[in-house]
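Starting from the known structure of chain A, fit chain B onto it as the hints suggest.
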Amino acid sequence: MSYFLELLVNGALTGLMYSMVALGIVLIYKSSGVLNFSQGALVMMGGYAVWQLTEWGLPIWLAAMAALVVMFVFGLLIERVLLRTMVGQPIIMIVMLTLGLDVFLRGFGPGLLGTEPKQLDIGVGLAPLIMGDILANRTYAVGALIALALVVLALLFFRTRLGTKLRAVSDDHVSSWSVGISVERAVAISWGLAGLCAVAGGTMWGAAQGVDWSLTALLFPAVAVVILGGIDSIVGALLGGLIIGILGSVIPGYVDSMVGGSTRDVVTSLVILLTILIRPYGMFGREDIERI
Amino acid sequence: MFYRLSGVHHTRYSQTRQLWPIPADRWQVGILLVLALAAPLYMSQLYLSSYMLPWLIFSTATLSLTLLMGMAGQLHFGFAAVMAIGAYTSIHLTRFGVPLELALLCAGLMSAVIGCLFGAAALRVKGLYLVMATLAMQFLVDWVIVNVTAISGGAVATLQTPKVRFLFVPLESLAARYYLALAWMVVVTLLILNIKRTSLGRALVAVRDKDFAAAVIGVNIFRYKLLAFFVSSFLGGVTGAILAFCFYKAVTPSQFNFDVTIQLVAMALVGGLGSVIGGFLGAGFVLLVPIVLLNLIAWLAGTGWLSISTSMMAHIPLMLYGAMIIGFLLFEPLGLAKIYDNARKYLLVWPFRHTQS
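First to last, the protein sequences are chains A and B.
Sequential numbering of the first sequence, starting at 52, is according to the numbering used here.
Sequential numbering of the second sequence, starting at 33, is according to the numbering used here.
Isolated chain A (complex conformation) (with noise of 0.2 Å):
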């Protein structure tokens, strides 16, 4: 019994580190409808920006705040440079673009600081979290903490003025158009969020694991929290990534010793086709309906 608690505590912690990278995803589709398939790139590059400020001898904490600055603003960049030329193109132009800046990102962001994991220290230390007779990973407890954070900002953030603006965008680029609401403005800003999402992703990601191109794989199963939870809601990506983590924790648990291995990638898999055929907008998603 204590084994299968620990697995779900732990599995709850990973889910929502899952959550941070994939609150990146749904605040880019959120406003402009495009699933961001670079997000676990764009979480390396946040790993490795804070790798480097620490390096150039900023302490952890300042460097993250630098590293959000830079980030947001390579964000902006992102849209202004790739995305802004690309409206109305069809679906699969888009995703590819976004696959293509992953492989990009993957060369240069290793290419440029070599390619061995890189360590982050947060200051969290390494000695489990002991709860009863529960062991759990203090750096996954801290990420999980603030991926808590991040949702319930990001919450308040769509009631705040600009919030508002980003959510009418979400609903219809057209009509916030023509009340005067800046639509590229607003998918910037949101692509500028996603980079501070991928600063916290890469951080604590970084500080659990190393930081090196491996984060990048941290994007399969961030989409599959997005698909459980639905693309456009912030609540989804909690829950799913909740679901997800402990899924992807507590089956792996059982299961690997008699199947040899990495069945966590099969969970997330199966996850992921078994949402799309049942329910393909999700569990808080919206259901578009279409029109001839």
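Please keep in mind that the hints were generated in silico from the structure rather than gathered at the bench.
For glycine and all other residues, C-beta sits at the position ideal for the given N, C-alpha and C.
Here are some chain A residues pointing at chain B (derived, C-beta under 7 Å):
#  : residue
1  : Leu86
2  : Thr136
3  : Ile142
4  : Ile143
5  : Met144
6  : Met147
7  : Leu148
8  : Leu150
9  : Gly151
10 : Phe159
11 : Gly162
12 : Ile278
13 : Asp316
14 : Val317
15 : Leu324
Pairwise CB distance ranges, derived in the manner of DEER restraints:
#  : chain 1 : residue 1 : chain 2 : residue 2 : range
16 : A       : Arg337    : B       : Leu155    : 15 to 25 Å
17 : A       : Trp228    : B       : Val180    : 47 to 57 Å
18 : B       : Val324    : A       : Phe208    : 42 to 52 Å
19 : A       : Trp228    : B       : Ala375    : 31 to 41 Å
20 : A       : Gly108    : B       : Met345    : 23 to 33 Å
21 : B       : Ala207    : A       : Val124    : 50 to 60 Å
22 : A       : Trp228    : B       : Ile371    : 30 to 40 Å
Leaving out everything else, chain B in the frame of chain A:
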């Protein structure tokens, strides 16, 4: 110039409806075919085996994907998995002593049946969600191949292709393997070229442009979407088997992972979605240009014009490849085929400037 239209008068319907109504096009295709047939005579073994052969096979794979993505409009991000199914099926069958001709057919059928499972998702969702569903299936197939040791022999194991003969010719020499790949390429190319002119092709295009509208005018979208997945996966499966037997000669699961899928989609997009010549141009571009540019940069670094760290050097192909995808999408979304088409249209009316067709 090359495309002289004066004096070309078609007097029968069959003449205007042939594949290449303009003589210059026929000449070009003929010359290219002769060049391809004679390639083992004038090309060194190295060029033939490491540039020409993969180009041919990946062009064929891109054409199979074009049928699905360019003509039927169904996005597929699991095509490498489909090819893997074909490759593994054919290898296991030939190991049991089934002749290669039959094994290729079975490989195609096996891929087609499993590919139709991918297609089952397409009946319910489209666009972005179809990308996700096929992507998930890619990971599932990958996992099954890696973890079922009866199929792959484990994650790091390689499976040698057995010695086989195709139509009584042993597939030992490079030339024999090259000609098999070439023959399959010609078959697939002719098929794709001609599908566009049949009712099937027109139905697929209708489904691509707007599936509800196609249903309204009486196209059975259920049937045609599945058919598109079936045919395309069949071709992909056989191509996977050809890839295993003619090029790799030993397969590992990592030769068919998600990165290969991205590569195939990139080939289709860089070439130009839905065009046949785009399949060839795109495959060649994606396969060869990073190598050429890397050599150029290495040469520049060697002469001291440019100083790059070794880790940067190792990652430059990846960066070039990503930048290439982005560049094409931004500056020429219709791909290399459009560039070729523009040049051809310019030459058609040269020395005048206004195109008619």
